[in-house]
Each structure stands twice: as structure tokens, then as C-alpha cells.
Amino acid sequence: MPCTHAPARTCGNASAPITRVLLVFEHDALIQDLFLPRAGTERLGPMLFWFVATAVTVIACAALYYAAGPRMVNQSTPLSGDPNSHFRLLLDGIESDRASGKLGEAEAVAAKAELAREILRAKADQDGARTASASLGRKPLAIGLLAVAFLALGLYALLGSPNLPAQPLADRPELAAANLDLGSAVARIEAALAANPDDLQGWSVIAPAYVELGRLEDAIRAYRRVLELGEPTAAVQTSLAEVLLLQANGAGSPEAMDLLEAAAQSDPNHVLSRLYLASELTRQERYPEAVDAWNAAIALSTGEELWLSAAQEGLRVAQSGGTAEAEAQQAQMIAQMVSGLAERLAQSGGSIEEWAQLVRAYLVLGDEEKAQAAYDDAVRAFPQAFDRGDLDTIALGAGLKLNGATP
Amino acid sequence: MSIELGHFALILAFAIATISTIGGYLFWRTGLRIAMVLSQGAILQFILVAVAFGALIQAFVVSDFSLALAVNHSHSLKPLLFKISGVWGNHEGSMVLWILILVAFGAMVAAFGRRLPHDLLALVLATQSLLTAAFAGFTLFTSNPFERVFQPPLEGNDLNPVLQDIGLAIHPPLLYAGYVGFSICFSFAVAALISGRIDQAWARWVRPWTMLSWTFLTLGIAMGSYWAYYELGWGGWWFWDPVENASFMPWLAGTALLHSALVMEKRNALKIWTIFLSIITFSLSLLGTFLVRSGILTSVHTFASDPTRGLVILTLLALVIGGAFFLFALRASSLRQGGLFAPVSREGALILNNLFLATAVGAVLVGTLYPLLLDALTGTSISVGAPFFNLTFGALMAPLLLVLPFGPLLAWKRADVVNAAQRLMAAAGLAIFVTILVSALGGVALSLAPLGLLLGFWVAFGAVAELVDRSKLGRIPLGESRRRLVGLPRTAWSTAIGHFGVGVTVLGIVSTTAWETELVTRLNPGETAVLAGYTIAFDSFEQVPGPNYISDQGHFTITAPNGRTRQTMADRRTYVASGMPTTEAAIETYGFSQLYLQLGEPLEDTHVVRVWHKPYITLIWLGAVLMSLAGLLSLTDRKLRIGVPQKARKPVAEPAQ
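If you're matching them up, the sequences are chains V and D in order.
Each residue of the first sequence is one higher than the one before, counting from 772 in the numbering used here.
Each residue of the second sequence is one higher than the one before, counting from 38 in the numbering used here.
Treat the hints with care, since some could be wrong.
[Claimed, not checked] With a cut-off of at most 20 Å between alpha-carbon atoms, the simulated EDC-like pairs for lysine to aspartate or glutamate come out as follows:
| id | chain 1 | residue 1 | chain 2 | residue 2 |
| --- | --- | --- | --- | --- |
| 1 | V | Lys1172 | D | Asp453 |
| 2 | D | Lys303 | V | Glu876 |
| 3 | V | Lys1172 | D | Glu555 |
| 4 | V | Lys1172 | D | Asp642 |
| 5 | D | Lys303 | V | Asp863 |
| 6 | D | Lys303 | D | Glu184 |
| 7 | V | Lys910 | V | Glu876 |
| 8 | D | Lys303 | V | Asp1063 |
| 9 | D | Lys303 | V | Glu866 |
| 10 | D | Lys303 | V | Glu885 |
| 11 | V | Lys883 | V | Glu866 |
| 12 | V | Lys1141 | V | Glu1114 |
Just so you know, these hints were derived from the structure itself, not from any lab.
It should be emphasised that the depicted structure is a prediction, and the values quoted were computed from it without experimental measurement.
Can you make the complete structure from the sequences, with help from the hints?
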């Protein structure tokens, strides 16, 4: 079965991701009203945010302003800045070295003299520095603080999103939907439908839910009911055809084909129905028609759709008429690539990943002898086992000789 | 609103840092007031960045997927610890952590530095603010962690499974504390160059910061190495990966700085060199940041990155480093050379140490950058692997380790090498004896390994020799010796412990490299394998669901050579959100050795099992821990304690007038 050429949904089994149902719930006001608790998320306006931000800025600027205030903080020369205290330690060091015999008397005297010169120089430096200073005025300080405030608030206005509230997962309504037991939700809708069997909306909600739950018979029944109650739309027809195909499990269904054709005819822009049609035609090996159908679908694309590459692949298969020609070409290409890689590795060496690739390629091609030779070469190039990583696993799995012996 | 407030806090911190930089450089001469304003500014920056960081953590913890960062790197099912550590398990968040540590160091200088000369303090804080402004600006404009999502998805993309480990909670903060701590030395160097105030007192203020950063960096690298060892599943503890090298180079340069600052503090010599090292060390830290975030490299450390970011960091790097070196070129020649000394002296030994370390930095730098440059310029990709580094680095370290024990035994200014050698005789004899003993017991193989062991023991015993020597152990009554030993300054203890740690690490590296054994085999439950005297029985295999992964668990029973058995479990995890697998190896420690067992891919109906026996491997990290302890011990020394005023000593001599 050319399942790979069909759009993803026909290939999936009945337990497709739950997000599909969530989408249905999310967009359906009825269901939301029925089952989802309305979250009481606090929506603090941006006004409050700007108030807090401005307050923080003002506090920060005030803190900076008062730091420059006329307090008496360490007005004296700092202790460790005082050269004397540091030099006194050095002097102690010289004395203790002398006492312990590490320095001779003469050397100690010389060291002390050097120290004294150092102190004089430091004092001169300090006096020079003192005369150069003038106090920081109020004006530059005020300008600086204003700059801080404007820079911060302005930049935030540029980068921030003050309107966006926090949305912790626990407070979000969709989460409640995710945690809602699908089975019990369906049971509640079923009860509502039993009381009111003509509720079009109820049937359209429950049909995809049935698909999720794998209840295909019920889904078909529900979709049929939707078609009976309302105008048949291309979307509903395609959905029904999809379930029919799912149920047929790859065997095809004439009814589904009719539905898809009807959907494609009724809506000239409906893509999904055309994709299903094309893949079914390909599966039935009706290649000329399949080529037309694929082309019709591809003609509707804008070039960015996710299904486009799959459709092009399908078109290629349909065009090549299902012959093995393409596969033969591929095999030849692989063989060329492998020999190229082998040549390069033999001549100039390469990374362990490349060696692993080569061994794996030989194994895939069924050439165990060459695989073993390549593995042995790789071991010579990478003698440490932890360098080899995956390669050993591949070799072990293929039953190649390892550690010099067959495992 | 908390996310937006966090965003605003980061922006405000950026604004304060920017204005502090400008104000600081304009008005540093004016004295007390500007220093006080900048101090306040530094503390405010710290508070604000902490608030921003807290806002990110909060958003991750409550799984607020309106934050793009949380969408990309979190998952509501992740355990709480990994939700928190996930904040910095990515480029944007880790930048905030980087900045947080940067401003924390700045705030520490502001808080403890009130006794520094005002002009120097103002310049240091201005430079620190410059770095904060540069990196906060980079973060805000090119990689904003506070970006929001207007239609939040229901679930996040989860964190890279390899990072979902306790290691992420410890390794980056420690490493960053090390990297960033060196920014203080850098700022001090720049301040010294601008103000022209470069003296012994300067060295005394810088050395605690060097020591602190170096201690963090040592722990950070050791932790990273152990993490790689147990998490990556190959049992390798050092790969010479460019990013590892990027953390190792600042460490080597920092080690050199630590020692040269010592010479400058004690002897007023090596001033220019010390300044140069301060700048180089932080530059190498920045280089590491650049390599990790620019997209040049791909490894477990690199973040998904785009080239524009790389370009911006490169520009920042060039400006900061280039500016500093420009200043250095302008001012270095005007610096006065300090105290003179004979070639054979403590100073001489420390210079030798610096030469070897600096050359080692050069070797690692070349090995790391050459392939990158070659790739960038010519498009040829070559790989400079472990053999290059082992050879060059090993060749440089061997002589360094050989002369290491002499250093602490030499006197300042002029020393007697024969005398020092005599005092080391016992240590040398003991090292030779132990090496021969170990080789004899283990069976001698003709290789370099016994020489390596000899070197390790020599360094370790040599480190102890100084303590033995200074306490006159064996020459005077034992009680007296003990009293002397306790009375030794903490720096003496710190030196001995630190150097002993180096020896211990060398021993671990040598023994695990030389005598490691490995086995790769396929096992079924019920079968056994034997390696290095250990019998490994594969008991059972089962699939167990974890919080956000499915775990394939293999249960093993290991029987040690002495007959004791242990149960252990190795597993492979497949993470639900990303579908990525990780391996969690079973590691059993026997004494200092470890048995490392990794469950490989399932093969048909059997399992690949890899087992390594790694003799004395834990010594590698124990040595690093000892080195860090030595760093901490040295920080508690009264003379070095940050900012605590000196108490008046007992007058030994008349103070110089």
C-alpha cells in the first residue's frame, strides 16, 4: 500500500494526537460554554505596569542621588589605601625572614632601604593625585539620573510587551480542555444529542471526537447525520471519506471516492479532497488519472504548504508509473556514493561518523566482507573504544568481528 | 506581569550600567562622591538583574508558555529542578546568568571595596559597568530572553535531554563565576592603567578576586569534566573539545596570574606582566563565550546560534580586549619596574611557572583556533585532536611539575637551590620508592606510565615536604612540631594542599590513561561478562516510564575481585517531547577506582554492553577539589580576607616613617 504517498491523516491510526479535538473544542463556543470553566485570569492593564515601572525607576534614581549625598562615609583615607599599613606588613615580612634565617643581615637592610624608597614614591603619587580632584557637581548627577530614567523607560517601550499578561499553564482554559476526559465529554454530548437528534452542531462536534477515540462506525454515522441535517460541504464530505478510508484500512472504498469527487467538484479550491483523491488513484494504480489529480492539487498550492513535498513525491511515483526504474537509479547512486566515500577515507582518513557511515552502507548493500574490512580500517584509525561509539554497535549488530574475535 | 517587570528590570540595569560607565570615566578624578554613586549603582544593577533572573525562573516554574524561552526550552512535565536549571540551559537565559554573576561581583566590589582609594574604586566600577552594559545590551538587542509569544502553545519543546541533569544546576553557575570573576581582575588592571596606580597594594586587592575566581573555575571545570564522564556515556573525562579548551585556557592563565600576583604583592616585581595576565585571562574567558555562542563550533556546549550574534560578540570582544591592550600599550612603558631578584629565588621559580603556563596557554590556543581559522579562511577542515594536545601539553607540564616542589622552598630574592634540593631529598626518595612498589605490585610494563606516576608522587610528596620542613617534623619533639604546624600561616597550608592536589590529579590521569581496560560485548539477561577481575552479570531488563521519558533499564550484579557483590542499574532514556535518547551509565566506585557500565542499543533480542574499568580515576577530580579547597583556605587567611580591615599586629619592628 503506498501509504507514504497519502496525506498524513489517512496513514495515522485512530489514536491521532489529541490537539485535533482541542481545536474543535476551542473554536466551538457551545462546547466551551458547556464544559470549560471560564478562567478568572486577572488582566491587569498596562496602566498598572507603567505605574510600577515608573515607581521602580524613581526609587532607583533616588537611591543613586542620595548615595552622592553629603554623608560622612569614610571621609578619611581608606585604611588599606594608606600605604603605611601595607608597607608595614612587608616590613614585618622582612623581619620574620631575617629572624628565620632566610635573609642575611645585609640583605635585610637593603630590602628595608628599598621599601623606604617605595613608600616615598607612593606618597608623592598620592599627593599629586589629590590636587587634581574637584567634587562631582549636582548638575551632572541630575543629568545622569534623568538619562537613566529616559533610557530605561524608552527602551522598554521599544522592546517590551506591557499588554501581555502572564499565562501560567495552570490558569489557562485550554488546559482544562486537555485534562477533560474525552470519553466523558463525548458521553455528555451523546446525552444531549439523544434528547435533540437534529442538533447539527452537536453532530459536527462529536464526529471528530469519535475519530480520535477510534470509534469509526460512530464517526461515520455522525458525519452522515451532519450531511443529512445541513448543506453538504466539501469539508464534511472529505471528512466522511477520510473515515471511510480509515475504516477500509487501505482497501479503498467506492463511496469514499464518490464523496471525494463530489467535494472536489463542489469546491474548486478544496485541496484536501484532491490530495485524498490523488493518493487513492495512485494506490489503485490508475496512474494517468492520478497524475491529473496530483497536478490539480499542486496547482492550488502557494508553494509553502507542508503537504507540497509529499504531493510532489506522489506525482513522481504516478508519473514513473510505479515501475522500479526510479529505485534502480537510486541504488546506482548509492553505490557510487559509497565507493567515493571509501576511496576518500582510504586516502585521507576521516571522522568516525564517516567510517560508521561506510560500514553501515556496506551492510545495507549486503557486502559483509567489505564491511568487515572497513571496520578493521576504522579500528586502526580510532583505536580507543570510546571514540568509536556507534560504530561498534553497528558492527556488533551485524555480527562483524570485534575485539579480534567473533562475539 | 512578572515577566514584563523582569524585562524592565534588566533594561533598567542596562541603563544604570551605561550611565555609570560614562559618568565613571568622565568623573573618576573627583573622588568620593562618584565612587559612592557608582557603588550604589553596582548594587542596584545586581538587585535588578536578580529580579530579572527571578522572573525568568518563575515563568519556567509555572510553565508560562507566553514566554518564548520557556516554549523552546521547558516542558510542563519536567521535574522542578530541571525547570529551574533549564533557564540557563540555553543561549538567552545563560546570558542572563552570566550578567547576574558579573553584577554580583561588581556589587561585591562595591560592598567590600569601600576602603579602596576612591579613584581606583570609581574606575573599577566604571569598567565593570562597561562590561555589564555591553553584555546586557547584547542580550537585550540580539537575544532577548523576555521575548513573548502572543498565542502561547499548550506545551513546550523541552530541554535537551543531555542537559536534564543535576550537572546543569551546578556546572554553569560555577564555571561562569570563574569566568566572570576574572572580570574583576580585568577591571582592576584597566583601572590601574588609567590611573597609573600600580603598586604592591594593588596586587593585594586583586589577589583575593583572582583566588576566588580561580577556585570557582577549578570547581566548574572539574564538575564539567565529571558530568561529561558520567552523562555522555563514553567514560571519557576530557576530550580536548574546543569548548573545554576555552574554559581551560583562562584556568591556565588564571593560575599564572595567581602566582605572578603573589610576586607583585610580596616583592613589587612583575608588575607589567601581572597586568598583562589580568587582561589576557579575562580575554580568554570572553573568547570562550564567543566560541560557545557564535555558531563556530558544534558540541554539547554550543547553543543554537546565528551568525549575526557571533559577529556582535566578536565586535564586543575586539572592542573590550583591543581597548584594554591599547591602554596597556600606552601605559605599560611608563610603569616602573619593581624589586630585583636573582634567577634562583622564589620569584625566579614563579616566573618559570608563569613561562610554562603561558606557553601551555599558547599551545592550547593554537590547537583550538588553528582548525577554526583554517576552516574559516580556506574552507579546509582539519581536526587537531587529543594526540596533539597530549603531546604538546604533556611536554610542557612535565618540566613544570618537575620543578614545582622547589618553588615554595626557595627564599624570596635570592635562594640556595642545593639547600632546597636537600630538603626535598626525603620526598624524592619516597616518591621513587612508592613508584617502584606500585610498579612491582602491578607488574612492570615498559611504558611512560611509571615515570608519570613518579612525577605525580614527587609533586604530592614535595608539597607535603614544605610543611614537614617548616614544622621541623622529626627534628624537634613531636608536640612542638604539631604546634608549629598549626601555627603556620594559612597561605602555607593553602600552597601545600593546592600543590598536593595537582599531584593527586596527575596520579589519577596517569593511572587511568595507562591501565584502563574496556570490553564491548553483547549480553542477554542471564549472561555474564568478566573484566579486570570483576564479574558482571546481566540480571534483567525492563521498560519503566519516567516523568518525561521512557527508560530501558538493565539491572546488573557486579562481583568484585574480593567476592563482594553489588546491584546496579544502567539505563537508556528516550525523552517524550524531543524523542531524543540519552544513556545513564552505571558507575560503581571501588576505592578510588570505578567500574563504568553502559547499556547500549538493543540489538535484535540482545543488548550491547560496554564496560570500562578505570583505575584511580576519581583522583582526577579529588585533586581538583583539593586545589579548590586550597583556594578557599587561602581566602580565609587574615591578610587576604576581602575588605576586612587589618588588625594591628604585634609590633615586630618599628614602623617605617
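Evaluated hints:
The straight-line distance between the Cα atoms of Lys1172 of chain V and Asp453 of chain D is roughly 62 Å, outside the 20 Å bound, and the hint therefore fails. Between Lys303 of chain D and Glu876 of chain V, the direct Cα distance comes to roughly 19 Å. Compliance with the 20 Å bound is thereby established for this hinted pair. This hinted pair checks out: Lys1172 of chain V and Glu555 of chain D have alpha carbons roughly 16 Å apart, not beyond 20 Å. Taking the CA atoms of Lys1172 of chain V and Asp642 of chain D, the gap is about 19 Å. The hint holds against a cut of 20 Å.
Between Lys303 of chain D and Asp863 of chain V, the direct Cα distance comes to roughly 11 Å. Compliance with the 20 Å bound is thereby established for this hinted pair. A hinted pair counts as satisfied when its Cα atoms are at most 20 Å apart, and Lys303 of chain D with Glu184 of chain D does not qualify at roughly 51 Å. In summary, the hint linking Lys910 of chain V to Glu876 of chain V is not supported, as the alpha carbons are separated by about 59 Å, beyond the 20 Å threshold. With a C-alpha separation of about 89 Å, the suggested pairing of Lys303 of chain D with Asp1063 of chain V is violated against the 20 Å cut-off.
Taking the CA atoms of Lys303 of chain D and Glu866 of chain V, the gap is near 13 Å; set against the 20 Å cutoff, the hint holds. For the given pair, Lys303 of chain D sits about 13 Å from Glu885 of chain V by alpha-carbon distance, which is consistent with the 20 Å threshold. Only pairs whose Cα atoms come within 20 Å are accepted, and Lys883 of chain V paired with Glu866 of chain V is accepted, the gap being roughly 9 Å. Restraint check: the Cα-Cα separation between Lys1141 of chain V and Glu1114 of chain V comes to about 13 Å, which is no more than 20 Å; the hinted pair holds.
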